[in-house]
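Heads up: the protein sequence lines correspond to chains V and B, in order.
Position one of the first sequence corresponds to residue 1 (our numbering), numbered consecutively onward.
Position one of the second sequence corresponds to residue 1 (our numbering), numbered consecutively onward.
Just so you know, the hints here were simulated from the structure itself, not pulled from any lab data.
Check before you lean on any hint, since a few could be wrong.
Stated by the list, open to error - Going by beta-carbon spacing under 10 Å, a handful of chain B positions derived as facing chain V:
| # | residue |
| --- | --- |
| 1 | E37 |
| 2 | L85 |
| 3 | I118 |
| 4 | F120 |
Unchecked claim - Here are the computed lysine-lysine pairs in the DSBU-like style, where the Cα-Cα straight-line distance is at most 30 Å:
| # | chain 1 | residue 1 | chain 2 | residue 2 |
| --- | --- | --- | --- | --- |
| 5 | B | K102 | V | K384 |
| 6 | B | K79 | V | K384 |
| 7 | B | K102 | B | K79 |
| 8 | B | K44 | V | K532 |
| 9 | V | K417 | V | K342 |
Unchecked claim - Take a look, some chain V residues computed to stay more than 10 Å from chain B by CB distance:
| # | residue |
| --- | --- |
| 10 | L44 |
| 11 | I81 |
| 12 | A117 |
| 13 | I173 |
| 14 | R211 |
| 15 | L214 |
| 16 | F289 |
| 17 | L323 |
| 18 | I428 |
| 19 | P430 |
| 20 | I450 |
| 21 | P451 |
| 22 | G472 |
| 23 | G540 |
| 24 | V639 |
| 25 | V640 |
No residue lacks a Cβ here, since even glycine has one placed at the ideal position from N, Cα and C.
The lines below spell out each chain.
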Amino acid sequence: MFTDLGHLSVIFALIACLYAAVVSPLGAQRNDDRLVQSGRLAALMTFPLVLIGCLGLWYALLTHDFGVKYVADVSSLATPIFFRITALWGSQNGSILFWCLIMSAFVAAAMVRDWDAAGDKPLLPYVTMTMALVLGFFLFLELFLANAFLRSDFPPQDGRGLNPLLRHPGMIIHPPMLYAGYTGLLVPFAFCIASLITRRSDDLWLRSSRRWTLVGWAFLTAGLLLGGRWAHDVLGWGGYWGWDPSENKPLITWLIATPFLHSAMIQEKRGMFKNWNVFLMMLTFASMFFGTAFIRSGLLTSVHAFAASDIGPFFMGAMIVILAACAMLWLTRLDVLRSENKLDSAFSREGIFLIQNVLFLSTSFTVFIGTIFPILSEAIGGTKITVGPPFFDQTAGPQMAALVALMGMAPLLAWGKSSGAAVSRQMIVPAAFALVVMIALFVGGANQPIPLLLFGLCAYTLAQTVMEYVRGVRARMRGGNESMPVALVRLAQKNQRRYGGYLVHLGVVLMAIGVIGKGFYGQDTITTPAVKLNESFTVGDYTFTYRGIRPVPCEFNDCQTMQAMLLISSASDGRVLGAAFPYRDYYPMQQHTATIPDISGTFNNEVYVILAGWDNNGATASFQVFINPLINWIWVGGVVMILGFFVCFWKVPEREPAAAPITARRPAPAGAPAK
Amino acid sequence: MTFAKTLRAFICALLGVLLLGRSTANVVYAQVPAPDEETYRIAKQLNCPTCAGRNLADCPTETCAQWKAEIKAQLDQGKSAQEVLDYFQARFGPTVLQEPPKSGTTAPLWAAPIGAAIVFLIGAGLVMWRTSQRNAPAAPSTPQSEGEDPFVAALEREVRQSE
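Construct the complete structure from the given sequences, taking the supplied hints into account.
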């Protein structure tokens, strides 16, 4: 009953979307604010309506209403309450509904904002229209092609249970994060379209949607990180990233949204590259749509893609229509989007931003081509050719390294024009630091040239980024008579985007260190022959002693679990370091085996053990062991990136008097420095 | 209502029996012989037909176990690693390799990223050249740093633009 009410509510949400999409532009054309406001309210209403829909489905999940097909597909009597709640996005149909919920939340948030105060009222009707159309598309999809509310004629006694792979906290939070990332980026897209329709040539759409873009980007980043963490903890392939289509899809979007964040600054500062920003925004949107179409339709197989379904053709058709409409709109506005300024020199902030932008795009394209190559090769040559991680490592890897290098250069260049001498002067200290680090590493035994160079690159960029803070803090200490901590805080407060951005850069460098460490110094092996009981084997600095295998109770009673016990000791002095308990779950219902690794070791040297197999009731067993040096820096870097986002995003109340005289920066009174 | 309760109790009881009998049943069926080191190295370079998106070495399915056994058998016959890989490629086509060959039908795949990077960079160069040639309106081309920290703006001028 309540579930059917939810179904009805989602139908109303679709109607509200259609209404908003028609009435808002009509109001704009007739100059009738009542119609515009009516459309705005209708768009606002979609959120409570979709929420009721989700509550209805949650009700069915919580009450074990197996008459609803979706509930029987993703839960069972044994599924604990927590996973029955998260099962809402555990499979295709429900996750589209959940996607609609998050999108409608963003729509509602955009609708309730104070448009009069923001001064972008003229954009409102078309922002409403764009968002209502996109949300309406997904609601249509939910209702007509992937309905989660459908009932079966013969309700089963028990459901099939949640996909075992999805029972991990990372997997629980990761999809909502990604959805929020995608739908967050819908807001700047809507502003972009509205700006084009109203023939505006200024950067209003960028400024109005700047914070939304940041939010979308941050969610996307967090979603990617959590996805990596999930793969690391659950999939048992020893790494954090497998270049799987469902990982690549958000990455492709991230690799377009990130340059957009940078190039938007060029337009805001200098009124240039307006067309380019529109292009990047549309590309961001297209990549999101395209990726969703491919993953959802089952065209691309992946570790956890949804089952093949018939929404693919519909999706593709809709996408072509939408993109064609966008392209038409853009082409008819080219004259409006002329650059206001002349590029003074390629050796400038805007010049290097442009290079960074195209490098990001070519990286994105690389990931894209590798991801869809199986489909391309099947369409052209008739055979489906799989593209594994080696391709991505060898092609996207160098481009990403180049991006890290640019990150160490861009902050040095000024807007407009830079002087070569000044820039090279600023490079001395970081370059010296990088050299010292490389020598230290070489003496320490790192003699492979490529990782050594890459670590040097990271050291340079790290030092350069830190130097940016040092320079800023020094300037404030000299000019503003501030002590160092005050200067640092004020610096970040007054230039949030800039110094928050540098914090994100720092996070990226830390992450790069982790990637290089794991990629070049990671070891992995499998025990040969299988180890006997109480026998030992050594990998790297660690000795493992096999102590037996035993069945243990499975967490939710729907699997069979075998757990192995290993003693870990130091290979050099025999000191006992700990124990490892890797295990395997077998799910008879889903015919699925999960290998759950044991993760131990130190912060800089992770030990990752997988139970690969056993014989004779555990008389012998074999293990796959990964030593992952520096891998934890990836997660640390990720946290730093998110912190950087908060620095950018946080609204700081103005306290300090605005324009302090710049001429007062020289006379540094005695006692001012080194407080 | 009572029927549902009875049924639930029955299912619980059934589950209980299954669980009790599990420890022995489990061990018998779930034995998984593991591949040796060289098989593992070769399996790492192959795709598994049943585990989408994972290499053969990491995939725990039955089909993959057969493939691994095949690799081991060929190694035991004295074939080299490359010969085993060649055998799989001849039998299943290049799709079986984790790393598609850089020649033949998959050459365009490898060329595409390099081509894209080059074309994009040239494009960026052209855009920069054109933008710098354009007759811009008489707007001042000094960077606008409104809303920025005056100290940092001064720093910017001092550090980056002066010789």
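Hints, one by one, checked against the model:
no., hint, in the structure
1, E37, "holds (4 Å)"
2, L85, "violated (13 Å)"
3, I118, "holds (9 Å)"
4, F120, "holds (4 Å)"
5, B:K102 x V:K384, "holds (16 Å)"
6, B:K79 x V:K384, "holds (28 Å)"
7, B:K102 x B:K79, "holds (24 Å)"
8, B:K44 x V:K532, "holds (25 Å)"
9, V:K417 x V:K342, "holds (11 Å)"
10, L44, "holds (31 Å)"
11, I81, "holds (16 Å)"
12, A117, "holds (18 Å)"
13, I173, "holds (22 Å)"
14, R211, "holds (15 Å)"
15, L214, "holds (16 Å)"
16, F289, "holds (21 Å)"
17, L323, "holds (20 Å)"
18, I428, "holds (13 Å)"
19, P430, "holds (14 Å)"
20, I450, "holds (18 Å)"
21, P451, "holds (20 Å)"
22, G472, "violated (6 Å)"
23, G540, "holds (15 Å)"
24, V639, "holds (26 Å)"
25, V640, "holds (22 Å)"
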